[in-house]
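**Q** Add chain B to chain A, keeping to what the hints say.
In the order they appear, the protein sequences are chains A and B. When we follow the UniProt record's numbering, the leftmost residue of the first sequence carries the number 1, and every step to the right adds one. When we follow the UniProt record's numbering, the leftmost residue of the second sequence carries the number 1, and every step to the right adds one.
To be clear, the hints were calculated from the coordinates, so they are not data collected in a lab. Please read these numbers as outputs of a predicted model, since none were measured by experiment. Keep in mind that a hint or two might mislead.
Said to hold, decoys possible - DSS-like mimics (lysine-lysine), calculated; alpha carbons at most 25 Å apart, straight line: (1) B/Lys-73 - B/Lys-145; (2) B/Lys-23 - B/Lys-2; (3) A/Lys-38 - A/Lys-2; (4) A/Lys-209 - A/Lys-73; (5) B/Lys-2 - A/Lys-38; (6) B/Lys-38 - A/Lys-2; (7) A/Lys-2 - B/Lys-2; (8) A/Lys-145 - B/Lys-2; (9) B/Lys-73 - B/Lys-209; (10) B/Lys-73 - B/Lys-202; (11) B/Lys-202 - B/Lys-185; (12) A/Lys-38 - B/Lys-38; (13) A/Lys-23 - A/Lys-38; (14) A/Lys-145 - A/Lys-185; (15) A/Lys-73 - A/Lys-202.
Protein chains: 2
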Amino acid sequence: MKTELFLIPIAAVSDSLRVLVTKDPTSDRQTFPSIMLKQDLHLHGGTRQILRDLLSGVPFADLENWLNSARCKDRIVDVYDRDLLFEQSQSIAIVRAIALPQEFSSHAKGVWLDAENLFSQDSILAPDSRLFLRECLNQVPLWVKNTTFTFELLSQVFSIQDLRLLVGMLSSQEIDPGNFHRRLKRLDILRPLVSGQQRVHKWEFAWEKSDVLAADGLIP
Amino acid sequence: MKTELFLIPIAAVSDSLRVLVTKDPTSDRQTFPSIMLKQDLHLHGGTRQILRDLLSGVPFADLENWLNSARCKDRIVDVYDRDLLFEQSQSIAIVRAIALPQEFSSHAKGVWLDAENLFSQDSILAPDSRLFLRECLNQVPLWVKNTTFTFELLSQVFSIQDLRLLVGMLSSQEIDPGNFHRRLKRLDILRPLVSGQQRVHKWEFAWEKSDVLAADGLIP
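Extracted from the complex, chain A is given alone in its bound form (with noise of 0.2 Å):
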């Protein structure tokens, strides 16, 4: 029985959320960067050869201490059946989304498109795709809240201003400077990156508190 593993990269560029497409060479139609898990292949190894094939632009390094950190997190979708979706296509997809970090994101291979884009009647991302991609963003809004998620797209070092316009655009809403000040303050999950008298303009997530955005959330 084949398993398929099907990432979906996830960028924010220029204040919209991109995803990364690439094109299926029998079908022309554009879908997700996907693998044959096989034996010796399995979850975690088929996302990193993914990742490494996406990303072989990057310094080894860069991509390696990437890879290693707590910023590089996939997040289940859901799992198809494949021949429930098309006949002609026998295997089970498991569907993982993975936010690419801003510094990053420029140098992968494929197409960034906007995602809300790809459902329009001129696209022509493979109708699988669009599926796995609708349950994708169906569930960012509660990435963002609950999870790092934000701060995987953030580049390492971001100013407030860099989150707050990424959140909202993230979650659709309208996001009071005042009020995102005063909650990130409360959740104390920021790390300043100068310190004594200086004004703070640049700040790191401090990825040990991840699970105060589990039990409080980013936004109300």
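**A** Coordinates of chain B only, in the frame set by chain A:
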């Protein structure tokens, strides 16, 4: 490559959340019902087969009715490389959760155990099943809020009080009766079972309105 499906059957029994475990004959540990997926037994068929085995005591027509209804929904928990968890198991484990309705849960083959107690020191739940259950329970509050999960657990016909107590138990919150009543009225997701001048005591969920829960939430 082997792909296994694990199903976590969930029921609400006398005000606590229970999960169904079976005994693994080789290790004497408790595990969740599972099945090896095969070329001719994909996800959908595997889920059905586990359920038909577990619920063989339920009248055939009732069981098939439920299996083919909107009330029977299984949800992904996650997918795991079992070789990363335990050296001796070389497989990919797809873990899904399913709510068994109140009228069936007492007929299920296996032992219903209080979900929280399965983490106690003297629990004999297998380590991998323990991990699966922890992730599943993490997701229950989200399922209660934004999916039909609560209505899948209830019997088909219920009182508002049944619903309120169940939502309170599942979300570990005190649900105010007046606010809950007003919210249900606004969401307009229930169908009364009697009409006219009589006071309504019994309700059904309007399954065609499931989208309302995804958008607005059953609780704030």
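**Q** For which of the previously enumerated hints does the structure constitute a violation, in increasing order of number?
**A** Structure breaks hint 8 only.
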